[in-house]
Amino acid sequence: MTKIISLLTDFGVEDHYVGVVKGRILKELEKPINVNFIDITHNIPPQDVKKAALSLYFSYRYFPEGTIFLIIVDPGVGTERKAIVVKTKNFTFVGPDNGVFSLIYKKNPDFTAFEIIKEKVLKPPYSSTFHGRDLFAPAVAYILNEMPWEEFLKPLPKESLKRLKFPYPEKTSKGYRLSVWYVDQFGNLITNLHKDMVVGVSFKVLVNKKEVPLVKSYGYAKKGELIALFGSEGLLEIAIREGPAFEILLNPEIEIILE
Amino acid sequence: MTKIISLLTDFGVEDHYVGVVKGRILKELEKPINVNFIDITHNIPPQDVKKAALSLYFSYRYFPEGTIFLIIVDPGVGTERKAIVVKTKNFTFVGPDNGVFSLIYKKNPDFTAFEIIKEKVLKPPYSSTFHGRDLFAPAVAYILNEMPWEEFLKPLPKESLKRLKFPYPEKTSKGYRLSVWYVDQFGNLITNLHKDMVVGVSFKVLVNKKEVPLVKSYGYAKKGELIALFGSEGLLEIAIREGPAFEILLNPEIEIILE
Amino acid sequence: MTKIISLLTDFGVEDHYVGVVKGRILKELEKPINVNFIDITHNIPPQDVKKAALSLYFSYRYFPEGTIFLIIVDPGVGTERKAIVVKTKNFTFVGPDNGVFSLIYKKNPDFTAFEIIKEKVLKPPYSSTFHGRDLFAPAVAYILNEMPWEEFLKPLPKESLKRLKFPYPEKTSKGYRLSVWYVDQFGNLITNLHKDMVVGVSFKVLVNKKEVPLVKSYGYAKKGELIALFGSEGLLEIAIREGPAFEILLNPEIEIILE
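Residue numbers (the numbering used here), protein chains in the order written: chain A, 607 to 865; chain B, 607 to 865; chain C, 607 to 865.
Keep in mind that the hints were calculated from the coordinates and are not lab data.
It cannot be assumed that every hint is accurate.
Where chains are identical, the list cannot tell them apart; a pair therefore holds if satisfied intra-copy or between any two copies.
As the list claims (entries may be wrong) - Straight line, CA to CA, 16 Å or less: simulated EDC-like cross-link-like pairs of lysine to aspartate or glutamate:
{"hint": "1", "residue 1": "Lys829", "residue 2": "Asp654"}
{"hint": "2", "residue 1": "Lys656", "residue 2": "Glu620"}
{"hint": "3", "residue 1": "Lys780", "residue 2": "Glu865"}
{"hint": "4", "residue 1": "Lys726", "residue 2": "Glu831"}
{"hint": "5", "residue 1": "Lys726", "residue 2": "Glu757"}
{"hint": "6", "residue 1": "Lys724", "residue 2": "Glu756"}
{"hint": "7", "residue 1": "Lys768", "residue 2": "Glu721"}
{"hint": "8", "residue 1": "Lys729", "residue 2": "Glu757"}
{"hint": "9", "residue 1": "Lys780", "residue 2": "Glu859"}
{"hint": "10", "residue 1": "Lys633", "residue 2": "Glu671"}
{"hint": "11", "residue 1": "Lys637", "residue 2": "Glu671"}
{"hint": "12", "residue 1": "Lys729", "residue 2": "Glu839"}
{"hint": "13", "residue 1": "Lys657", "residue 2": "Glu620"}
{"hint": "14", "residue 1": "Lys822", "residue 2": "Glu686"}
{"hint": "15", "residue 1": "Lys693", "residue 2": "Glu671"}
{"hint": "16", "residue 1": "Lys810", "residue 2": "Glu865"}
Isolated chain A, as found in the complex:
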């Protein structure tokens, strides 16, 4: 039986930090378990909890049932912020209570949450700066070891959990004003408009007051052309074929005009 551990951090891939977290998880296993580590990314900008929350949201549904997600984007490491485990019907999430699971809570309202009891997991000598290695990795291993959860976790009221806001498009007299939720590495701007919000209606997309063609995929755009398209998560994206849209569009005003 193989267990899938999916990792999302801001540790980068220059140093040894990610490898050490994986090593520590394996080191704490009490019996032979095949673990398949799947990296979502380790290149979240340092301490960008919001981007991590979106990256997780764009990913988690595509993993098999039973996947454990370990998310370490943790500006508050070593302070009093809680370390938590969140359980949904299909998945388990482990990470800091800083809002990184906000969209998981929203989409899986029947979730349950637990606090990791630090005194039960941290083994001296432990570090105040590397909870990935000393707190979260052992907690993941305890889950894999099927240690009874009450031995290292305690239930947490949902209302106490930190949540970040991901606002929907703002209604205007003529349509919607959009926000950019996520800029991917190709410079594509992923907005907060889901295609379900404009299903069956006729509309056009304005960027900085100018209409931009809505195409089916990048392959249909001319090189250098500014385009709009519904991306892989159903969200409207603004892109430039073979170029970074974000460089041209520093603070773009993106509008939907219903027709």
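Since the structure of chain A is provided, determine the placement of chains B and C on it from the hints.
This is chains B and C only, laid out in the frame that chain A set:
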């Protein structure tokens, strides 16, 4: 039994795209199979099909029999380009029909090719921009599930396949004029001259008309010195010890003079 | 049974080199073995043996017993430098004899060392520039295959091994003058002062003659503030919260003043 899936994309490692493809492959498995994902690279320059073809060519022979290669460098995603599966004696290749397998065809003339029947693989809602997740990942999973190939694949005539040209060195009156096939991240210029073409003959290497010493390995060069050597694939490389040759040699003229 | 292979190289992740090393290890296996490759990092600056030695030192203890570490940072590839296998009580290390294992020797004085007999491992045609693929990968596979070590290894006297110096803090009249051992990707400066050297004593930290507050973790620092803290390995770090300390501190003079 562990299955090896080797991945080569231009998705980069900043976003979640690679992780999602792997997650989706695992999610579509119908029975427990150990999958060992081996990344060749995800940093092919965006849409550089030629570099991907070479990267695959430099790699595939070193993998164990039975490896499935998933190559997604796909400028035509969402357009009418075909998605294909290529079978050679030892390996299976999955990716777009855009020439990325050109060198596989050349070196394995007994290959067979199949088109992925999109209607059998794409499950709604699917994306026009992320076939890695919605088309190629499930196709790989179907192969792992040992689904009969005729249920999602149809034979494709070899002549219909797109092929890229990788020209051999050009014969000159005094020897050969070489092309640079691949610039690696250290700035080494990998040319199209294989050592088998000059076996048993005496020759010298000219770069921009000046002779460059041919050494056995980087360790024999002086720091900063321009050198030529036969690299790990038997191809002549132009390099600078501890420096990027490509910065100094923007459009180098590289010649072999037979003696 | 899963075997853990942990990799640390300067190959980068742009090209195919790392994938090829992993593929080759798997290709040389004689029976089905589950191999779990854990990357420490592949972004050691080219040929920076000292940084690789520290990266390994900061990592290896967190891996499970039986882990094989393959370290390829190898400026001397293709020259006469030896390829070695080092055995400690819990781990096996494979790599070049260039000092990259210096700190392993120091912390595990009961280690034993072996030279890889090149003629027994290199199979023609092999490359002089890519021993990762042609020498080290097969050697790792032979270990996994449980080939008797005397068939491809010969004992090496410990005194013959190359060692790098990692000096301790320099004693001054008022305390210690520190050196920077490692700059991580966030620009944190990791010094050579371990907290055990100042246990129970009162001291202050000076950077370029100015006192810097000693905090418990990054979370306690103000944004942009220069701080000192004991990092995850117990070593004193100089850091700027959410900023790269190394840019501000090109050649910092770091002192400990005992009080």
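Hint-by-hint comparison with the structure:
For the homomeric pair Lys829 and Asp654, the shortest alpha-carbon distance between copies (14 Å) is at most 16 Å, but the shortest distance inside one copy (31 Å) is not. When the C-alpha separation of Lys656 and Glu620 is checked against a cutoff of 16 Å, the pair qualifies only between copies, where the shortest distance is 15 Å, while the shortest distance within a copy is 22 Å. Taking CA atoms no more than 16 Å apart as the test, Lys780 paired with Glu865 passes inside one copy only; the shortest distance there is 8 Å, against 70 Å between copies. Within a single copy, Lys726 and Glu831 get their C-alpha atoms no closer than 56 Å, and across copies no closer than 33 Å, so neither meets the 16 Å cut-off.
Proximity of Lys726 to Glu757 under the C-alpha cut-off of 16 Å is restricted to the intra-copy arrangement: shortest distance 8 Å within a copy versus 47 Å between copies. In this assembly of identical chains, Lys724 and Glu756 lie within 16 Å of each other by CA distance solely inside one copy; the values are 13 Å within and 48 Å between copies. For a Cα distance limit of 16 Å, the shortest separation of Lys768 from Glu721 inside one copy, 13 Å, qualifies, whereas the shortest one across copies, 48 Å, does not. For the identical chains of this complex, Lys729 and Glu757 are intra-copy neighbours only, at 15 Å inside a copy versus 42 Å across copies, given an alpha-carbon limit of 16 Å.
Taking identical chains as interchangeable, the C-alpha atoms of Lys780 and Glu859 lie at most 16 Å apart only when both belong to the same chain, with a minimum of 14 Å there against 60 Å between chains. Proximity of Lys633 and Glu671 under a CA criterion of 16 Å is satisfied inter-copy only: 7 Å between copies versus 24 Å inside one chain copy. For the identical chains of this complex, Lys637 and Glu671 are inter-copy neighbours only, at 13 Å across copies versus 22 Å inside a copy, given an alpha-carbon limit of 16 Å. With identical chains, the CA atoms of Lys729 and Glu839 are at most 16 Å apart between copies only, with a shortest distance of 14 Å across copies and 41 Å within one.
For the homomeric pair Lys657 and Glu620, the shortest alpha-carbon distance between copies (11 Å) is at most 16 Å, but the shortest distance inside one copy (20 Å) is not. Proximity of Lys822 and Glu686 under a CA criterion of 16 Å is satisfied inter-copy only: 12 Å between copies versus 47 Å inside one chain copy. When the C-alpha separation of Lys693 and Glu671 is checked against a cutoff of 16 Å, the pair qualifies only within one copy, where the shortest distance is 12 Å, while the shortest distance between copies is 31 Å. Proximity of Lys810 and Glu865 under a CA criterion of 16 Å is satisfied intra-copy only: 7 Å inside one chain copy versus 68 Å between copies.
Of the numbered hints stated above, the single one contradicted by the structure is hint 4.
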